[in-house]
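The chain contents come next:
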Amino acid sequence: MIPKAFWNYYFTINAVNIPASAVLAISGLQWFPIALCTFGPCMGLLAYYTFYRQHYYFYYNLGYTKTRLAVMLFALNVAIAIPLLILILSF
Amino acid sequence: MNTLTITQLTKSFKGKVVLNNADLKCTTGDILGIFGSNGSGKSTLLKILFGTEKADSIRIQFNGENIDAKQIIPKQIIGYLPQDPFIPKALKVRDVIPLYFKGDLQDKIFYADGIHKMTNTQVGKLSMGELRYLELLLVGNLNHPFLMLDEPFSMVEPLFKEKIKEFLITLSANKGIIVTDHYYRDVLSVSNKNMLLKNAQLIPVNTESELAALGYLPASQNAQYGN
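Keeping their order, the protein sequence lines are chains H and B. According to my numbering, the first sequence is numbered sequentially starting from 29. According to my numbering, the second sequence is numbered sequentially starting from 1043.
The set of hints was computed from the structure by calculation and includes no laboratory data. Watch out, some of these pointers could steer you wrong.
Using 27 angstroms as the maximum straight-line C-alpha spacing, the simulated DSSO-like pairs for lysine-lysine come out as follows [to be verified]:
(1) H:K32 to B:K1159
(2) B:K1150 to B:K1117
(3) H:K94 to B:K1112
(4) H:K94 to B:K1089
(5) H:K94 to B:K1134
(6) H:K32 to B:K1112
(7) H:K32 to B:K1207
(8) B:K1089 to H:K32
(9) B:K1096 to B:K1159
(10) H:K94 to B:K1144
(11) B:K1056 to H:K94
(12) H:K32 to B:K1056
As the structure is a computational prediction, the values presented were derived from the model and not from experiment.
Using the sequences provided together with the hints, build the complete structure.
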């Protein structure tokens, strides 16, 4: 089960990820789900580290390391991106 | 009863040694005050113990067993109140508490003295004292056997300081606590062991006069104690 606290981290990263991925999707809609679990989260993580670095302690105290948070983020985005990519390619 | 033992702790930055083979021990019931001038390495020491800063060398034992510093966070051995605010500012207090606690413990925080009046406030709009108190309540009530506090009394109004002190004394029944702060009188009023970080060494101290004698407090303070 995904802990409640993770969602705050997830949505903060994806607030950067989704627009960044949408920019890449200009060259083709199929690039959106690919960017959503590759380039986009990297941009999100970079922005989070730059602007919200201190917030990592919020998660550290709950037992989540930076690596574990990133793995959960990528895993969840891959789980969303694969069906989305199949859907886009099927049209 | 839990014991955290740190030995052979060495850390240097760009050739400057901030911790040189330093040792410390904290057990359940301890409130260990750590003092030191700005830049002496107090915050670095806490970050190393928490596993977010890498030491040049360190040996950590938890209840007699060696553990890697990287295991401190995932095994939830130490709760840590960092120097800077860490709760996302956009969240409201009433939304933050359920992210940390469930059930009765959640109610305990909601009904804690001073919290009920701030529940509808965004974290970013809390005063420094309110925020520090909220952060301490969150971290202190987690189930870690040890708690480290980096400047819990800084910029906190007297009323909240007293609440923080009472809370620390209550917590020390079940936790070992390490506190560092320049408000040495506040720390000394709750601590039962103290150390001064000076010249990269942790020196045991007991009283204000010893802090003065070791040069942490001004010489006039030293004279006040007849040294």
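Practice prompt. Check each numbered hint from earlier against the structure, then list the numbers of those it violates in ascending order.
Written response: 7, 9, 12
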